[in-house]
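Spelled out, the chains give:
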Amino acid sequence: MQKRPKEIPEMARCWMTRYRAVLAMTTSVALLLAGCSEDAPPPAAAPPGNSAAPAVVEAPEVAVSALPATVPPIDDPKARLTALEEVEEYSEAVANNFVEWGDKIRLRDFHGAKDLFTADFIGHDLAKPGTPTPKSLPLGITKTTWEVKAPTVVNRSGFMESWRELVAPFGTIEFFFVKVRGAEFSDATPVDGALTVRINIVGRMSGGGRRGIEEFGRAHIKKVAGKWQIDRWTVTSLMEIERPESLFTEVARSAGIAHRGPQFGKDGNKSFFWNGAAVADFDQDGLWDIFVPSQNENFLYKNQGDGTFKDVATALGVAQPPAGTGAAFFDYDNDNDLDLLVAHSGWKEGADTIGRTTQLYRNDGGKFANVSAAAGFTELLQGFSPCAADADNDGDLDLFIPGYQKGSFAGPNSWYDASNGSKNAFYVNNGNGTFSEKSAEIGFAANRWTYAAAWHDYDEDGDQDLFVANDYGVKEFWRNDGELKFTNIADEVGVTDVGNGMGCCFGDYDSDGDIDLYASNMSSSAGNRILSRLVKGDSSDLREKTLKKLAGGNTLFNFGDGKFTTVSSKFGGIGAAWAWAPQFLDLDLDGDLDLACVNGFISGNSLKDT
Amino acid sequence: MVASTLDKHDDFDTQKVNDSSYTSKHMTQIFGDGFSFSGFEKDKVWLKMDDQYLDVSDISGADDEGDGRALCVADFDDDGDPEFFVHNIQRERHMLYRNDVNRGSHGVKVQLNATGGPWQAPGAIVRALSGGRTTAQVMTIGTGFVSQNASELIFGCGDAAEAELTVRWPGRAVESFGSVKAGSKVLLVEGAGKAADLPRKAFKLKDPGIPGLTLAVGARLEKLEVAGADGKLVSIPIAGRKKPLVVNLWATYCKSCVGEMGDLAKLAAAGTDVVLVSLDGKEDFARANELLAKLGVKLPSYFAADQAFEKLLDPERLPMPTTLFFAADGTLTEALQTTIDHWSGWTAATGGS
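In order, the protein sequences belong to chains A and B. Residues in the first sequence are numbered from 1 upward in steps of one, following my numbering. Residues in the second sequence are numbered from 1001 upward in steps of one, following my numbering.
Just so you know, these hints were derived from the structure itself, not from any lab. The beta-carbon is built from N, C-alpha and C at its ideal position, and this holds for glycine as well. Hints may contain errors.
What the hints assert, rightly or not - Stretches of chain A that chain B covers, calculated by requiring three or more beta carbons in the stretch to come under 8 Å of a beta carbon on chain B:
1. 121–133
2. 224–232
3. 280–291
4. 300–313
5. 484–497
6. 559–569
7. 587–599
What the hints assert, rightly or not - Here chain B is said to cover these stretches of chain A; the calculated rule only asks that three of the stretch's residues, wherever they fall, bring their Cβ under 8 Å from a Cβ of chain B:
8. 136–149
9. 162–172
10. 189–198
Said to hold, decoys possible - Here are the computed lysine to aspartate or glutamate pairs in the EDC-like style, where the Cα-Cα straight-line distance is at most 20 Å:
11. 1206(B) to 250(A)
12. 1282(B) to 109(A)
13. 302(A) to 1050(B)
14. 179(A) to 76(A)
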């Protein structure tokens, strides 16, 4: 029963990721590279002869008795294809091959799945690559790591059996993916290549419990009769993790707050904006409620204290106008109740106004009154993640609203130092129900592409400092020097963190009593592949420090002695992928702060990625 | 960059790509066409253990692939541990993750009320000394990405019985609030020097529906359309029967399913109507029947037929084995998502054998 959406005809084409644009800039080719063929690779400039390869009559499988004792190591080709865009076209084709093929494994069609491998294939047994060492961890978690030692060598049939065995403990496979983490191809005809691959399988075990498998390996791939096939596979590492029950259960539907929207890109959902949420006890009944901006009307989910929520947005006057980005409950008028501010994206296109200005709803005894214009929110911004603090220590709450791109989509003028975004806004609370926007005077307004920010008095000198996460560039850390004077000391305190900044949160990850920092940065497999090739053998600052960092993912900073030091590498694996909101939370109440981070840009109908 | 159907009837050139309005339409169209761009990436959860962060996403139950954007932390059911809410960009947009670690009263929940500045006290640094370690957190109004957490900081105490709390109020001094017991929910009022207990309203966030099953317990089903061994549709009446019906959903690759076939045969032998429906693909019909024959199981055996079954269940989310219990009038009375010997009616139905 195939449930995955069908592939889209004519869509197997490539899309140049932002990484490719970096590649284009740094290799002095066109900003955005030439398109791909109708059906993905080979690219226009592919080495000749690939598609004209003669049909091959399939040979018999290697007899078990004829299998060698070991699989020869899979090294990168000696004569490597160096044209980066061509290498990436091949990489993408191979990666997408794994997507279609993965469906067969997920559905346990091992007979169909064998076609990815040549008849003369030899490889390691995936399920038993050596000696397992199970380790019991807190919370009933068992983590088993395998020492890869003298793995059994199998032929193609044996390899497919090892796939069957690998997934056998799963009653239901919820997630199966093989990602190409690295790829190098030969500059020869027919082309062949060496891949670094990561297998991830997640699901429910037969009889209950959750299980995840992560297995790394190397694969040798070649093009046979116009089709990519693998003839060797070695296992590098295998790790399994399981628990009798999941740590969390998703309960939105039973809680009455489920909301199903159109697929992104379809009518009714073509905006990157309205994806925020704000939690507060707006009615001060001791329970946490949720405000969620949405396209046609906003939701205000009142926690009813019985396991369910009720949408009271219309009744209380915050359902309209819709389509805000982030939101914040804060008592702007110091009357001891929570008012609601909703950031919006708005701009002018000729005489037309697209979107709208920031909206402020004053809490008037339980109902909300829209006081946006009267309070001074009349400017169109590309606002995203509002955050409030008493920045001038005058007893009322001021507001920072990060600004992202300018107008409708226009590309950044640099992939690592963009300065053509829209302004960040800083609203100083006048203490009389109105605000004054003072970002230009302070210096906050610089046009970086800012998605998020967070206030924290890092030096504990009594005033609130501001960390600012920027996409396509470096981050900022504004030290509050008093009297609304701020100085950007990001370099000085070690948090420039060049990359695609998406979000940030402060917390004490090592329980040493001071506040550390976690910044989410966009990262992708394609980006890692391309940028690792770009920096190979080049130690220039631009390549080594900047470009490599662009694909590095999330950053964890330890605070000490007045500075922040990157400790991400100590915790390999906290990088996420296309990361958005990160948060610290002690989910198991053991005293350590754990981490969560949401992930993923756009999942379409096709599992194939651009 | 020929990616979207915008280009189908138009020549592509880089000049166009540099035109922002074109790029905007093109970007939108790419996704309208259904393409993925860093899609199907699961949300991540890391558990801090000793000096390491362990990636527990795979076992978290909070590893949704749904393109999340906002993430807000709060103890929504007031039971002492943190839940979180996620806003996705499409499809199932609102996700609420109930914390099922259930560590009970091992934490301290802290709310603030400043008197020397704004009462919400954003920027206040709260420190909890517990079990010999001091953990610090910052009160915020807006953090993460387009997200606001609840204004309640949750400090785990581990096995310690209490936590000693201090607050550095924004722009002002550090104030000590002494020790509070693990399991407390307290309000720290600036200047009070002592924590005030807040009332707990703990309740249970309701269990979700049955994973992968569209039909709710209590709903009625008239008939079940499945396929026979020859692939032809067969309609099994569910409503209007003389006695209840047990429908077991299984697959050859599910070890537990195969392992409980003997028990299902035993149940049938004791007088219960039992029907097997395999979720194997069409290609494996024969293999499934061969397996049943080998096991000596002679129960009515059918196969899932795509269209009819898609209305009833999502096989990708359905744990196996799943056994459905229908009353004679077609009402789904129970959906058991483990082996049949765990069924509460097992002893009565089989005479305890």
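We went through each hint and held it up to the structure:
{"no.": "1", "hint": "121–133", "in the structure": "violated (count 0)"}
{"no.": "2", "hint": "224–232", "in the structure": "violated (count 0)"}
{"no.": "3", "hint": "280–291", "in the structure": "holds (count 6)"}
{"no.": "4", "hint": "300–313", "in the structure": "holds (count 5)"}
{"no.": "5", "hint": "484–497", "in the structure": "violated (count 0)"}
{"no.": "6", "hint": "559–569", "in the structure": "violated (count 0)"}
{"no.": "7", "hint": "587–599", "in the structure": "holds (count 13)"}
{"no.": "8", "hint": "136–149", "in the structure": "holds (count 5)"}
{"no.": "9", "hint": "162–172", "in the structure": "holds (count 6)"}
{"no.": "10", "hint": "189–198", "in the structure": "violated (count 0)"}
{"no.": "11", "hint": "1206(B) to 250(A)", "in the structure": "holds, 10 Å"}
{"no.": "12", "hint": "1282(B) to 109(A)", "in the structure": "holds, 11 Å"}
{"no.": "13", "hint": "302(A) to 1050(B)", "in the structure": "violated, 38 Å"}
{"no.": "14", "hint": "179(A) to 76(A)", "in the structure": "holds, 18 Å"}
Violated hints for the displayed structure, listed by number in ascending order: 1, 2, 5, 6, 10, 13.
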